[in-house]
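Asks: Read off the chains here:
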Amino acid sequence: MQVIVVGGGLVGSTLAEKLAGDGHDVVLVEQNRELIADLNERLDVQTIHGNGATIPVLMKAGIENADLLLATTNSDEANMVVALVGSVIFKVPRVAARLRDPEHEEGFRRIAREPGGERVAINPDMAAVDKILSLMPVPGAVDVASFFDGKLLVAGFHIKPGSEFAGLMLSHLRLLFPATPVLVVAIRRDGRWRVPYGEDEIRADDLVYFAMDPTELDNMLVLLGVRRGAERRVMVAGATRIGVNLSRRLEESGVPVTLIDERREACEKAAAALEDTLVIHGSPTDRELLREEGADRVEGFVACTDGHEENVVACLLAGRMGAAHTFALVDNAALSSLVGDLGIDAIISPRLLSVSLALQFARKGRIKSVAALLEDSVEVFEVEAAEGSRLVRSPLSKLGLPRGILLVAVQRDDRIFIPGGDDRIEPGDHVIVAAAAEMASRLDDILEA
Amino acid sequence: MRLTEFLSPETIKVPLEGTTKEEILRELVDLICRGADGPFCDDVYRTIMEREWLMSSGIGQGIALPHGFWTHEMPFAAALGIPAQPIEFDSIDGKPVKIVFLLVCNEEQTNTKLRALARISRLLHRKDFRKGLAASTSTEEAMQVIVDEEAQHRI
Numbered sequence: 019m020q021v022i023v024v025g026g027g028l029v030g031s032t033l034a035e036k037l038a039g040d041g042h043d044v045v046l047v048e049q050n051r052e053l054i055a056d057l058n059e060r061l062d063v064q065t066i067h068g069n070g071a072t073i074p075v076l077m078k079a080g081i082e083n084a085d086l087l088l089a090t091t092n093s094d095e096a097n098m099v100v101a102l103v104g105s106v107i108f109k110v111p112r113v114a115a116r117l118r119d120p121e122h123e124e125g126f127r128r129i130a131r132e133p134g135g136e137r138v139a140i141n142p143d144m145a146a147v148d149k150i151l152s153l154m155p156v157p158g159a160v161d162v163a164s165f166f167d168g169k170l171l172v173a174g175f176h177i178k179p180g181s182e183f184a185g186l187m188l189s190h191l192r193l194l195f196p197a198t199p200v201l202v203v204a205i206r207r208d209g210r211w212r213v214p215y216g217e218d219e220i221r222a223d224d225l226v227y228f229a230m231d232p233t234e235l236d237n238m239l240v241l242l243g244v245r246r247g248a249e250r251r252v253m254v255a256g257a258t259r260i261g262v263n264l265s266r267r268l269e270e271s272g273v274p275v276t277l278i279d280e281r282r283e284a285c286e287k288a289a290a291a292l293e294d295t296l297v298i299h300g301s302p303t304d305r306e307l308l309r310e311e312g313a314d315r316v317e318g319f320v321a322c323t324d325g326h327e328e329n330v331v332a333c334l335l336a337g338r339m340g341a342a343h344t345f346a347l348v349d350n351a352a353l354s355s356l357v358g359d360l361g362i363d364a365i366i367s368p369r370l371l372s373v374s375l376a377l378q379f380a381r382k383g384r385i386k387s388v389a390a391l392l393e394d395s396v397e398v399f400e401v402e403a404a405e406g407s408r409l410v411r412s413p414l415s416k417l418g419l420p421r422g423i424l425l426v427a428v429q430r431d432d433r434i435f436i437p438g439g440d441d442r443i444e445p446g447d448h449v450i451v452a453a454a455a456e457m458a459s460r461l462d463d464i465l466e467a
Numbered sequence: 130m131r132l133t134e135f136l137s138p139e140t141i142k143v144p145l146e147g148t149t150k151e152e153i154l155r156e157l158v159d160l161i162c163r164g165a166d167g168p169f170c171d172d173v174y175r176t177i178m179e180r181e182w183l184m185s186s187g188i189g190q191g192i193a194l195p196h197g198f199w200t201h202e203m204p205f206a207a208a209l210g211i212p213a214q215p216i217e218f219d220s221i222d223g224k225p226v227k228i229v230f231l232l233v234c235n236e237e238q239t240n241t242k243l244r245a246l247a248r249i250s251r252l253l254h255r256k257d258f259r260k261g262l263a264a265s266t267s268t269e270e271a272m273q274v275i276v277d278e279e280a281q282h283r284i
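Residue numbers (our numbering), protein chains in the order written: chain H, 19 to 467; chain C, 130 to 284.
Same shape as in the complex, but just chain H (with noise of 0.2 Å):
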């Protein structure tokens, strides 16, 4: 597939990196001389000095022949000229734009609807809302994703040294859970990841990615020694973008919201915005503040103000006097590499959360949905068995499928289940199956047909 990447920002350069270990030719187009000089150096990807909202530029990186177009710079601007040159002059059938304000999404939408190829808008803000409201019912998870329209649930968790789980073989799991569908999907040991196979067990301070059975989750949390909030009642620090949106989709799924900004024109603005939140004037890292607000009790306490480091402070605060779940918003590698296990429990990045939907969206076609899991370093996939693929009719200890690939789950007609070595898989089941990053790019093989 021939890709072409605007702007090589975080977003741009480590989906063009992706992509081009997936085997696609990439070329990545950005205007800062510096930045290229620097890409040139870290990655293995065609670059092209110039600005990619201008037709000679797009030319001069191939658009002609492109079948993908991602448009990532940080101006929204930029990226509508360039998703609508790629789209309506040149008919790049795939076309994604990253877009912040709500306005251009909205925008964006509206042209995406005429006919054409497929486009769409990757929000980062709303992604970091629409992840946060996913882990929120997890409680403990540091990632959580759903397959199988919601019956199959991947969420991450650190595995605390009094949890039960500690000590325990991988082969044990189906002991406790018989009847339904639970599985180890991934761990992260000593800063590695692996995809287990064969007599593994999971130790304290791993951090292991289940897959379950939704009905399952409070067994789970049993197990993993994870409590639930002593309120139905959220915290949330920062009246942004975030901030704001968040609550007001926890206010339309009904649970009470207490929103904290130190700005009074932000607090002011919040207010208007918003119907049943309480909206408090204060700093989230005050800690008279948050106990008198009722940061101990509550079930979710999320910092999304636009100070990272201070983010990871009230996080740190309002986890220590109590709050059940804590999410951080920390734009930033460096920072999160380091707050990774101070003991908050998920760290969000709308940069990196746009990484992974432009990938899937890159990816898709037998790939129904996919999810990186935690620094992108395992994916877990979606797929429809074709017939004549290599993954159908043998039994699974005879496909010889590489280290590294795992089956995690098979949907069959209305019944979902753990395959094991003598099972086949055939064509039409819906099959999850967990990769770890560089074998990725394998799976098209496995799958083709």
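Simulated from the structure, these hints should not be mistaken for lab results.
Glycine included, each C-beta is placed from N, C-alpha and C at the ideal position.
Treat each hint with caution, since some may be false.
Unchecked claim - Using 16 Å as the maximum straight-line C-alpha spacing, the simulated EDC-like pairs for lysine to aspartate or glutamate come out as follows:
| # | chain 1 | residue 1 | chain 2 | residue 2 |
| --- | --- | --- | --- | --- |
| 1 | H | K169 | H | E217 |
| 2 | H | K78 | H | D43 |
| 3 | C | K256 | C | E236 |
| 4 | C | K256 | H | E219 |
| 5 | H | K382 | H | D462 |
| 6 | C | K256 | H | D231 |
Claimed, not checked - Simulated restraints on C-beta separations:
| # | chain 1 | residue 1 | chain 2 | residue 2 | range |
| --- | --- | --- | --- | --- | --- |
| 7 | H | F166 | C | Q214 | 23 to 29 Å |
| 8 | C | Q214 | H | D208 | 41 to 47 Å |
| 9 | C | E279 | H | D463 | 49 to 55 Å |
| 10 | H | T233 | C | D159 | 29 to 35 Å |
| 11 | C | D257 | H | E306 | 51 to 57 Å |
| 12 | C | K260 | H | D148 | 27 to 33 Å |
As the list claims (entries may be wrong) - Residues from chain H that face chain C, not an exhaustive set, calculated with beta carbons under 8 Å:
| # | residue |
| --- | --- |
| 13 | S189 |
| 14 | H190 |
| 15 | A197 |
| 16 | N237 |
| 17 | L241 |
Put chain C on the given structure of chain H with help from the hints.
Replies: Leaving out everything else, chain C in the frame of chain H:
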């Protein structure tokens, strides 16, 4: 939670008399329900067998952790049996079973049971403990192996 909290010489039987999966499960149920009437024991046995039909509780390495429900004033109880000869149990590794822990609880105590199952399966993951239990020839010996193990390791 410690094994010695809910296991006593009254709920340990070494060796078991039965020679089939059904016989030893019945034997352990009678042990755990001692003093109760026949229909009560039958009900407990039925819930355990229903669980076994779903999937064998033989988790490999010669261990089985069958479990079921009862309605008893004691919310949670356990029994341990060591068969005279290893017993076919349809275990996940296909090997016969040498150590059988039986757990029963009230329906609302599922959390306790789940935690106990996880704990016992982790404990039996220790090779020395497993070997010591499987090799015991009397109830007293088996009880001593458990007491010693728990004194050694805080679990």
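Asks: Please go over all the hints and tell whether each is borne out by the structure.
Replies: Verification of the supplied hints:
1. H:K169 to H:E217: Answer violated: K169 (chain H) to E217 (chain H) is near 27 Å, above 16 Å.
2. H:K78 to H:D43: 14 Å, holds
3. C:K256 to C:E236: 32 Å, violated
4. C:K256 to H:E219: Since the Cα atoms of K256 (chain C) and E219 (chain H) sit roughly 15 Å apart, the hinted pair holds (cutoff 16 Å).
5. H:K382 to H:D462: OK: K382 (chain H) and D462 (chain H) at ~11 Å, within 16 Å.
6. C:K256 to H:D231: 32 Å, violated
7. H:F166 to C:Q214: 23 to 29 Å: Check failed, 45 Å falls outside 23 to 29 Å.
8. C:Q214 to H:D208: 41 to 47 Å: 43 Å, holds
9. C:E279 to H:D463: 49 to 55 Å: Holds - the Cβ-Cβ distance for E279 (chain C) and D463 (chain H), about 52 Å, lies within 49 to 55 Å.
10. H:T233 to C:D159: 29 to 35 Å: Between T233 (chain H) and D159 (chain C), where Cβ atoms are some 34 Å apart, the hint holds.
11. C:D257 to H:E306: 51 to 57 Å: This hint holds: roughly 54 Å between Cβ atoms.
12. C:K260 to H:D148: 27 to 33 Å: Violated - the Cβ-Cβ distance for K260 (chain C) and D148 (chain H), about 52 Å, lies outside 27 to 33 Å.
13. S189: 6 Å, holds
14. H190: 4 Å, holds
15. A197: 6 Å, holds
16. N237: Holds. Min distance 6 Å.
17. L241: It holds, given that the least Cβ distance between L241 (chain H) and chain C is near 6 Å, below 8 Å.
In summary, the structure is inconsistent with hints 1, 3, 6, 7 and 12 from the numbered list given earlier, while agreeing with the others.
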